[in-house]
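Asker: The primary structure of each chain is shown beneath.
Protein chains: 4
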Amino acid sequence: MSHNIPGGRSHDLAHLAHVEMLTPKPEASLHFFTEVMGMTVSEQSGDSVFLRGWDDYEHHTLKLTAAKTNGMHHFAFRAASEHALQRRVTMIEARGLGVGWHDGDEGHGPAYRFHTPDGHLAELYYQTRWYQADETTRPALKNQASRIPGRGANLRRIDHLNLLASRIPPVREFFVDTLGALLSEQIVFDDGTEKGAWFSVNNKSYDLAVTEDHAGKRGRLHHVTYAVDSREEVLRAADLCLEHGVHIETGPHKHAVQQTFFLYVYEPGGNRFEVANAGARLILAPDWQTVVWTETERRKGQAWGLQTTPSFHTHGTPDRPEEDL
Amino acid sequence: MSHNIPGGRSHDLAHLAHVEMLTPKPEASLHFFTEVMGMTVSEQSGDSVFLRGWDDYEHHTLKLTAAKTNGMHHFAFRAASEHALQRRVTMIEARGLGVGWHDGDEGHGPAYRFHTPDGHLAELYYQTRWYQADETTRPALKNQASRIPGRGANLRRIDHLNLLASRIPPVREFFVDTLGALLSEQIVFDDGTEKGAWFSVNNKSYDLAVTEDHAGKRGRLHHVTYAVDSREEVLRAADLCLEHGVHIETGPHKHAVQQTFFLYVYEPGGNRFEVANAGARLILAPDWQTVVWTETERRKGQAWGLQTTPSFHTHGTPDRPEEDL
Amino acid sequence: MSHNIPGGRSHDLAHLAHVEMLTPKPEASLHFFTEVMGMTVSEQSGDSVFLRGWDDYEHHTLKLTAAKTNGMHHFAFRAASEHALQRRVTMIEARGLGVGWHDGDEGHGPAYRFHTPDGHLAELYYQTRWYQADETTRPALKNQASRIPGRGANLRRIDHLNLLASRIPPVREFFVDTLGALLSEQIVFDDGTEKGAWFSVNNKSYDLAVTEDHAGKRGRLHHVTYAVDSREEVLRAADLCLEHGVHIETGPHKHAVQQTFFLYVYEPGGNRFEVANAGARLILAPDWQTVVWTETERRKGQAWGLQTTPSFHTHGTPDRPEEDL
Amino acid sequence: MSHNIPGGRSHDLAHLAHVEMLTPKPEASLHFFTEVMGMTVSEQSGDSVFLRGWDDYEHHTLKLTAAKTNGMHHFAFRAASEHALQRRVTMIEARGLGVGWHDGDEGHGPAYRFHTPDGHLAELYYQTRWYQADETTRPALKNQASRIPGRGANLRRIDHLNLLASRIPPVREFFVDTLGALLSEQIVFDDGTEKGAWFSVNNKSYDLAVTEDHAGKRGRLHHVTYAVDSREEVLRAADLCLEHGVHIETGPHKHAVQQTFFLYVYEPGGNRFEVANAGARLILAPDWQTVVWTETERRKGQAWGLQTTPSFHTHGTPDRPEEDL
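Quick note, the sequences are listed as chains A, B, C and D, same order. Residue numbering for the first sequence follows the numbering used here, beginning at 1 and increasing consecutively. Residue numbering for the second sequence follows the numbering used here, beginning at 1 and increasing consecutively. Residue numbering for the third sequence follows the numbering used here, beginning at 1 and increasing consecutively. Residue numbering for the fourth sequence follows the numbering used here, beginning at 1 and increasing consecutively.
Please keep in mind that the hints were generated in silico from the structure rather than gathered at the bench. Because the structure is a prediction, the values reported are computed rather than measured. Check the hints yourself; a few may be wrong.
Here are the simulated BS3-like cross-link-like pairs (lysine-lysine), alpha carbons at most 25 Å apart as the crow flies [stated by the list, open to error]:
{"hint": "1", "chain 1": "A", "residue 1": "Lys142", "chain 2": "C", "residue 2": "Lys300"}
{"hint": "2", "chain 1": "A", "residue 1": "Lys195", "chain 2": "C", "residue 2": "Lys142"}
{"hint": "3", "chain 1": "D", "residue 1": "Lys300", "chain 2": "B", "residue 2": "Lys142"}
{"hint": "4", "chain 1": "D", "residue 1": "Lys142", "chain 2": "B", "residue 2": "Lys300"}
{"hint": "5", "chain 1": "B", "residue 1": "Lys195", "chain 2": "D", "residue 2": "Lys142"}
Start from the sequences, fold in the hints, and give me the full structure.
Answerer: Okay, structure coming up:
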C-alpha cells in the first residue's frame, strides 16, 4: 500500500445510480435479467425496460434498451445533494466535457450529461424517485427496498461499472480531479503504462473501474456488476447460468485486485455481465493509500491462480464495427 | 457412543420414497410447495398433485391430497430389490401388521401396505418410474435428475420423515427387527422412558424418526423434511418464508441430535415441514453404536442452546379431533 | 421508511475505531479473543493487550484491560481529518461534555476525551498508526491488512458498538447534532418512549447503537461486534463456541432491525460479544429516511420469529454494584 | 443415464478407510496437513505420522510416511463384516492378485494385501480401533468423532481416492467384479477408449476413481480427497492455501463428472491433494444406471466451463523416474 494519490473522496457523488444497456436481442436479454438473474421490472416505456435488484432503492438501476448494437448508452451517478451536483457540473464544464442538462427520465429528475475523456456518455443528477413497493413486492422487513423474489440469482443491488478506455490516464485524472473520486487500486506496468484504475466515491472499495481497451477503441463497455450477499449465491448463479445455457466467460473465482468474488457471463445481447460478492470489504480509512499492482504481480493471474481468459482482455461492447450493422 | 443395539442395517430398504400429505387447503399448500419451496409438479390426478425436488430421481416424493383434515395418509420406502421386498413383506405379515398388496400408484408399481405398531399407514415397493425430464426441466449436467429451478427454496430431495407415536418402544422394535433399520440415535430419559428414535436404512444418518406424542394420540405426523445443499440455503429459505408470510415455528438452528441444521414451518394446510441441511454427515461405519441422549443432555436444548419451542412437542397432524371435521 | 430526522451524515467521523474492554479474567478473555475468535495480538503493555481482526487496518481495535470489574473503559471514533476532528471537538465542548486532550495511546495520536450524555467515556482522534504486518502476518494479497489466520472464528474487522443508556433521547440528540451521525433506524413505542437508536457515520448502516438499560443504570455496555464475511462463518463461530464451552446467549439468527445476522456470546469476563455478518447491506442513499419500528412490530421478535432472550434486555456490563468489588 | 453395468453395490466393502502417502519433505508435509488443512495427529511411529479429520471415526485416515519419493504406498478399504472380508479375500485370490495377510497397523487389525491390476498396493480389513477423544479433542456433541479444531481448513473426513492407471478396463472390471463396487460414472471416448471410472461402495456417489495415466505408467496416484461441509469452506481453504504459499493447481470450481466442488493443491511433498464438498449428493437408487460421459461432453471442460489445466492430466506421483532418486 504505497502509491499516494493526493486527495481523497469528496463525498459529492453518492453512488453509481444506473446504466442504460443496449441490446439487439431485447426479449432474450429481458428474460435473462428477470428469470435467470431475478431482477424485477419497474416500468416499460418505448424501446426500454426499467429494472432493479430487490434492494435497489431507486426506481431502476438498469435501463435495457432495444438497439441495433449492444454496448452502453450512458451511465449515471447520483450526487449527494443539489449543491454537490451543481459543484461538480461547474467543474465538468470547466474541464470542457459537458454536454448539457436534460429533463430527466423515468424515475429521476434533471440530469447533467457529459462525456468521459474517452467518450463514454454519463450523467449526474440528484432528484430521484424512491421505489414504491406494491402488494407483490412489499418486503416483510421495512428496512429493505422490496421483497426478495426467490427467483433466479436474486440480484440484490447494482454494484459497479467497468469501462474500457483507449488510454487510462486521462480518465483516471478526470474521475479523481473533476469528479472527486478516490483511486483505491490501480495496475501500472513496468514501463509506466497504466492498465487499470478502480475508483470509489463512498465506502465501497470501488463503484467504477476503467481498464485498457486492447482493441484501442474509445468509449466502450467492459461490464456491469450486481451484488449478491454471499459467495454461495455467486456459485448458485453459476449453476443457474449453466442450466439456462448462458455463456459463462470465466469464474466463479476471486480477483486479486479488489478481491471481488466474480462470475462473468454474456447476457444474450452480448454485453458482459458480472455477479459478484464483496462481502464485508469496505474502505473506511480516510487516508487510504492507493494500492498499485505491478506487472509481475498481475502475471500471477487471479487470486487463486486462475489465468485470465483471453476474451476478458479483448471482448468489449459494442463489439462490431458500426458499418456492419 | 455407548448403547449397542444388536443388528445393523439390512440393506433391504433402499430409502424413504414418498409421503402422501393431506391438506384442507389444497391450493394454498400447492402454492407453498411450488412457489415458496421450489418443488415441481410431475402430475395431477383427481384430488392429488404429485411433486418432487429437483434431484429426486423418482416420479414423485410428495403426493399432496386435498382432504377434510391435514396429516399424513401414508409413507413409502423403496426396497432394494424384488427379493428384498418379498423378504420384508413376509416378516411384516409374520408380525401381524400387514394390510395387503395394491396395484401401485402414479409413478410406482405394486406396493405392499402395512401399519406401524402405532397405526401409521405405510407401504413398500420396488418397481418405480424414473423421472423423465422434458424440455423445461432437462438438466445441463446429465448426472442430476432435473434442472435446478431457480425458484423459491430450490428443495433438492426428500430427506426424512418424523412420525409421532403414543409409545416409542413398539415402533422402535418394528423398524429394527422387522424392517432391518439401524437405530442410529435415541433419547432415553432417566426413568427409562424412550422419547425418540432415529433410524437409518442406508448411509444417511437417518431416514425416519419417531418421537413421543405428548397428546398420547396414535399414528400422527410430526413433520416431513427436504434437503438443500448448504446451511446458507436453509437461511435463504427462512428469508423467503418470512417474505411469503409462512409461519416459522422455530429455527434456523442446529439440532444436537443428528446435528441437522433445521428450519421448521407450517405449510398452509397446517402440517409441519422442515428444510434441512445435513452437509457431509454420513454413517459409514458398519459397526456404528447407537448414540443415546440422556434427560440431562436434552435439557440443554438444541446444539447452540435454543430451547425447544413448546409447540414442537404438542403440534402434530391431524391436529383436530375427528368429530370436528 | 417514514420518520425524517433533519440532517444526514456529516462525514466528519470516519468510523468506529476501538473499544477498551475491561475483564476480571484477563487470561481467559485473551484466550477467547485469540484462540476462539481468531484475533491477533499487536502489543502488550501493562495490564492491557491490544488486538485486531485480520483486516483491521489500525494498530488495534480492541484493547483488553485487566480490571476488578467487566464493562467498557472507553470507545473511540477516528475522525476523517484534522479539521474534522477540531470541528467536532469544538462542538462537544460547546455541548459541555468535554473532558480534554490526552497524548494518545499505543497505535494512535492525540485524542480528545468526552462523555456521552449517559456517561460513557469516549474519544476522537485522527492520527493513527497503520498496522505493519511482519513475516508471520503478511497477507498474500497486498490490498488486505494482514493474513487470514485460519484460527477460530477468523474475525475480520470491528463492526459496531452497542451502548446501554438510562434514557435514549439525550444520547440520540448528541450523536446526531453534536457528532453528525445519521439516525438510520430507531424503535419508538406507542407512548413515545424511545427504546433504541442506530447511528451511521459512513455507508455502513450503523456503527453505533444505543438501547435502553432496563436496570436504569447509566453508562453501561451492551456489546461489541466484529464482522465476518458470510452467514456461514457466523454459524461456524457458533460451532466453535459450543466446542469451547463459551456461553451462547442467543442466535445465530437474523435481527429485524438492521437485518444483522447475529451470534451473541459472553466472553469469559462477562461482557457480551457479537459475531455478525451484514452482507452487502449498505446505506448509499444520501437522503435515507430513518426507519422507525413500532411497539407492535417489535413484539414479533427477531426477523424469523425468535423471541428475544430476557437476558438480552437485562444483562449489561459492568454487571455488579461497585460496592461488591 | 444410459449404460447399464450388470450388478450393483455388494455392500461387502463399507468405505475407503485410509491412504498411506509418501513424502520426501515430511516436516513440510506434516505442517501442511495439520496447520493449513486442520488435520490432527493421532500417533507418530517410526517414519510415519497418523492423521485424521475431525469427524473421521477411525484411528487415522492418512498415514504420512517419510520416503525418498512421493506417491502412495497403499490404500485400504474397511470391509462391512468379517464374513464380507473373507468373501472378498477369496475372490481376490481367485483373481490372482493377492499378496497375503499381515498383522495390521496402528489403529486396525489383520489386513489382507493385494494389488490392483495396474499395480497399486491395497488392503482390506475389518477390525479397527475407534478414535478415542481426549480432553483436548472431546466434542461438545457426542455424535461426532472429535472436536471441530477451528484450525486451517478444518477437514472433516476422508472422502475419496483417485488412482492413475495405464489402462482403465482391467481396473474397472476388478473393482466391479471382484470387489463388488458400483460403477457410478465413467468417461468413454468415441473410439471406445475408457478414460476414467468412478466407483461407489456405499451411498456416496464415489469412494474411488481411476483415470488414465497419460504418461503410460502403472500404479501411480492422482490425488486423495477430504470433505468439508460446504462450498464456502472449500473457498476458505483456497484463501488459506494462498496465504500459506501452497501451490493451487486448479479451482475452486465444479466438476461436471460427479459435480464435486473441488480445490486441487500440491502438498509440499508433491502429491496432489483435493478439498471437496459434495453437498447432499448421494446415490440412493438401488438400480442406478452408470452415467457415461462422451468425448464431446468432456471437451466442454468442467461444469461452469473451466478448461482442465494441462498438469491435471500429466502430474501423478511418484513423479520422478526411480533412477533419479
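Asker: When the hints from earlier in the document are held up against this structure, which numbers fail?
Answerer: none
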